Structures are given as structure tokens and as C-alpha cells.
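Chains as they are written, first to last, in this note's numbering: chain A, 46 to 400; chain B, 2 to 276.
Simulated from the structure, these hints should not be mistaken for laboratory data. All of these numbers come straight from a predicted model, not from anything done at the bench. Hints may contain errors.
Unchecked claim - Covered stretches of chain B (chain A as the covering partner; in silico rule of three or more C-beta atoms under 8 Å from a C-beta of chain A):
| no. | stretch |
| --- | --- |
| 1 | 80-90 |
| 2 | 122-133 |
Unchecked claim - Pulled from the structure, derived: some chain B residues nowhere near chain A, Cβ distances all over 12 Å:
| no. | residue |
| --- | --- |
| 3 | LEU11 |
| 4 | MET50 |
| 5 | TYR137 |
| 6 | LEU174 |
| 7 | VAL175 |
| 8 | ILE212 |
| 9 | SER216 |
| 10 | PHE233 |
| 11 | TRP241 |
| 12 | PHE259 |
Just so you know, even glycine gets a beta-carbon here, dropped at the ideal spot from N, CA and C.
One-letter residues, chain by chain:
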Amino acid sequence: MSAQIELSNIEKHYGAFHALKNVSLTIEKGSFVALVGPSGCGKSTLLRSIAGLETISGGTLKIAGAVMTGVPPRKRDVAMVFQSYALYPHMTVEENLTYSLRLHGVGKAEAKAKAAEVAATTGLSALLKRYPRELSGGQRQRVAMGRAIIRNPKAFLFDEPLSNLDAALRVHMRKEIRALHDRLGATSVYVTHDQIEAMTMADHVVVMRDGVIEQQGSPLELYDTPVSKFVAGFIGSPAMNFVPGTIAADGQSVRLELEGNPVLPLGRTMEVGRQVMVGLRPEHLVIAEGGDVALQLPVAVVESTGSMTYVATNTTPELTVVETRRTHLQAGNTIGITIDPGHIHMFDPTTGLAI
Amino acid sequence: MTRPYVPWLLLGLALALAAVYLFPLYWMYVTSLKTGSEIFANPPTFWPMAPDPSIYPAVWTRRTMGTFMWNSVLIASGVTAITVVLGTGCAYVLARYRSAWIDFGLFLILMLQVLPASVMITPLFVGFNQIGLLNYPRTAVVLAAAAKAMPFFVVLVRATFMSVPRELEEAALVDGNSRVGAFFSIVLPLARNGILVCAILTFMSAFGEYIYSKSIIQDTSLQPASVGLSGFLGPNSTDWNSIMAYSAIYVTPILAVFVLLQRRIVSGLTSGALK
């Protein structure tokens, strides 16, 4: 019973501010789509436009094939989970859950039965008579989810629903929301500024920046082949290292603007002398014990998390290296690094686009 | 001065100021129960030697206080009804929309508050006279006093509405309600305390309204208790215990309401927390 959302050439202006610029996006039936980007990129505006809480200035928005221009939120049959949960403070959990049903004329007994059913699946059964102020953050979050589920809507819209939870609960709820999505098979649109949430939960990730869609694709597509320096730096944790460089005389390697001007083989041919921005993911910089290494880097700081060690180098710009093996590195040591040429990303320094 | 004494000093100051304000009230009740000669006794007595409560029913009937009080209630109710119905809508709009016009509207409303009743009464009187409203003097007073009470109400209730998160309304819209429905089922219940408190304050101030009533209502049978009280005061008035008894009958209901609801009033005025 889930539907497809179709956005074509959506425009949104707030006075002089151009919040959404020609955004086109197709959200497949039953898919889990994450809208991700830094604050102010337009992701929340886009979500609110789908919900009907914002009127779009141009373009067409279709839900289940029907054009939504001028259709108020109540007639769009979408459910939304807000960042602040937006639970009605003067209603009990049960009343919060059944509010939409009561508005749609569902009988009292039926609404109660449905609330009990939803409460059972979200673990709220014991809390039905409580008020939102008497609940913990995680419980409130569940009520907000339950309020969306109970309606069986055409699409779920999530507006950063996990950002008010602590780290452990966030990881747990991440899995729960995804499991819920799989069970209900509904279309979900999930807004977040946290790329890890987007990567772990979504089938399809849409990276936005300054009101335009920078890139969209599966999480691994974005990770492996970012179209721009912005996407490359945004997706992946810790963030990708960027070093300016110049293509060397043989056209097959790049000379990095690092101490000692090291040269990296590229495995492909490029225009000699071209200025580039080289992107190296921390996890692709492999610490090698002696032998034939591509880079020799002095160590500035070593941070060990147990499972992984983050090594920051004493270079300009600073590079981050992730090592999964146990190391005995200390500040002041020098490490040798090897890089698979297939893992070297190249960007145009002026346009930021991938080369 | 060491820190631990500061709260006690402030408390002492607060009590002293409260005593200054509350002493006349105490003096009103005590004087109403004194005999004529005791009132002028020197040194004054702080508790009547022979309290005589029979003055209350006597003043009530002699001054036809029933009529006066009824007029006061009628005028105060009318002012409150108009203010709450119109002011609530106005405050909601001012709380929810942001634009230069809204700011301008808010400025105009605050300007209304600046103009004192004594300045407004002459033009109002002339205007009401032109449209024949002076034939319905109590209605005229209700309209004038409601206009006077409106800014205070709108500004306070606007703050209450602003403390209701917008997201709650949006959640109601997405859940299937209309804008009007969301206002009545979500926003209004949450702002109810604030509105109630402001309504009570409006009622109490309208209950004591004097300037408009004195100027507009000539017919004694239509005058409120505030104007009736001034009828007592002639150049040679000595009937102080009757005046005080009248005043006591007049203010005691307001005081009672205030004492009963003071918890609510204080919390309604200060709390914006809706968690």
C-alpha cells in the first residue's frame, strides 16, 4: 500500500533566499531514502514540502501519481516524525497514538484496539495512560514512531528523529527504524545531517548542498565514486584527506604538495602539469612495515579506540590514517604508507568535481 | 556584606513593601467596623473596640449596591468576553506570522496601551455621541474599556502562544487536521492557562473601571460600583465607616478570586514550559 514520491524541478524561495534549486528526485515504492547534507542545505525544506508544510514555489510534486499542488497536509496521507517528536503534551500516549484515527472518524473501540496493537510492537503497552512529560527520551521517540505507524500511511517522513537521543540509543533506534521499515514495507524518507545514519539505514542516499542535489545513489556508490570533493568529504568517517598536487611529467603519477613532494603512481594517464586535489580515505592509507612504500609520514598524534587506531600526521595539510591492527606507534615515529592506485580520488581544484 | 544575608535582606525588603501596599486594605476593613468617633481617635486604634458588622447590610441596601455591583459585573463580563474572543485570535496571528506588517501591527497595539483613558475619553465621548451609542451607555463603556484592555491581553497571550511549539501544530496538520482544527484541538488547550489568567486579570481591571463609566453613564441605575463609590464623597463627607464598608464589599470578591487563583495566575504568567 505504499506509494512513490516524484519530485520534478522543485523550487523554493524564502523571500530572496533560494532554498531549493531545481530539485528532481524519484522515490521508489517501498524504498528507504535518506536526505543528507550540512545544515541549511535544504533537506528539511524538501521533506516539509513533501509533507505539505511548505508550499513549493515551482515544479511539481506527486505522491502516488497525484499532483500535490495546493493539497493540504491532511489530504496527503503521509506521516511525519519530528525532531522534537512533537507529542501533544495534553494527551496521554494512547490519545497521542489515536489522534489521527479519531480525526479520520475511526470508532473509539477500533482506535483503542489499534493503539494497543501499535503499542505492543513499539514496546509502549505499559505506558498508554502516561503523559509525554512522564516518558524518557527514548520512549517519547517510540510514541512519535507509533503515531506514524498507526495510520498506515503512503509514506513515512522522518526529520532527524534520532538527534535528541544519546549515542547508544541512537544506534539501537537506527536498527529498529530500519527493521520497522522492512516489516511495513512503506516508503520512507529520512532527513539527517549524520552521514553514518544515512549510510547504514538507507537504500538510496541523496546528498544535498545549498539547495541542490549534489549526488544520489546507493550508499556504496557514494562512497566509492563520489562525483565531487564535497560528497567525498561528507561521506565516510573519518573524513577523506585532501592534498593538492600536480600531475608529474610522465602523466602517470601525481606529485603531492606535502613535505618532500612525494609522487604517487596513478594507474592511469592524465594531462601533464594539471593541478589536482587528491583525495585519500584514511582507511585506504595502509601502514607498511618497511619495503616499497609510497609515502613516508611523521606521526603527530596517535588515538587508539581499541578496535582502531587513528594516526594524525605531522604534515601540512594534516593527514589521518586508520589502522585496524594493533600498533605501537608513538608521536615522532615515521610511518610508511602504501596506497592502491584504485583508491586514489582526483578532483578539480576549482570546480571540485571528480576527474 | 556576606552572601548568606542577601536573601534575608531581600525578603525583608519585599515584606516591607508588601506591608506598605497592604496596609490601606487592612485599614479599610478595620475602619469599616469602627464607630464614628473611634475613626478619629488619636492615637488611632488598630483593632476596633466594638466591631459592628451590621454596617455591611445597611450600606448594601441604603446605597442600592445590588444594582451597582450588577452593573460592574455586567460591564466587566462584556469587556472580558470581547477581549478574550477578539484578543485571542489577534494574539495567535501576531505569534505565528513574521513580517514587517505584523511588527507594525504590534507597534500600533502597544501604542494603544500608551494612551491613557483620560486622554481618550473626550474623543470617544464625541464619537459615541455622533453614532448614538450614548443611548446605550453600558455598551459604550464596554466597547471603550475593551479597547483599553485589549493591548495588555494581546501582548500577554501572544507570549503564551509563542511558547506553544509550532511543530505540535504541524504534527496535527500531518495527522489529518485542518489549520482551524489544529488551533482548537492542540494550540488552544495548551494556551488555555495563559488565556484564562489574562482573562481573569482583564475581568478584575474592568471590574474597577472608573473613567469611562463616570463620563459616559449619567443614569445612576446603570452606573457600576466604582462610580457609585464616588457618589459618597461630597465636600463634607464624614461617613467614613460606610464608605469603607462599601469599598470592602466592592473589593472583597476580587480579592477572593485572586487569592483562590493566585497559584494559577502566577504559574500561568511565568511558565512557558510545556514538556
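Hint check, failures only: 1, 2, 6, 7
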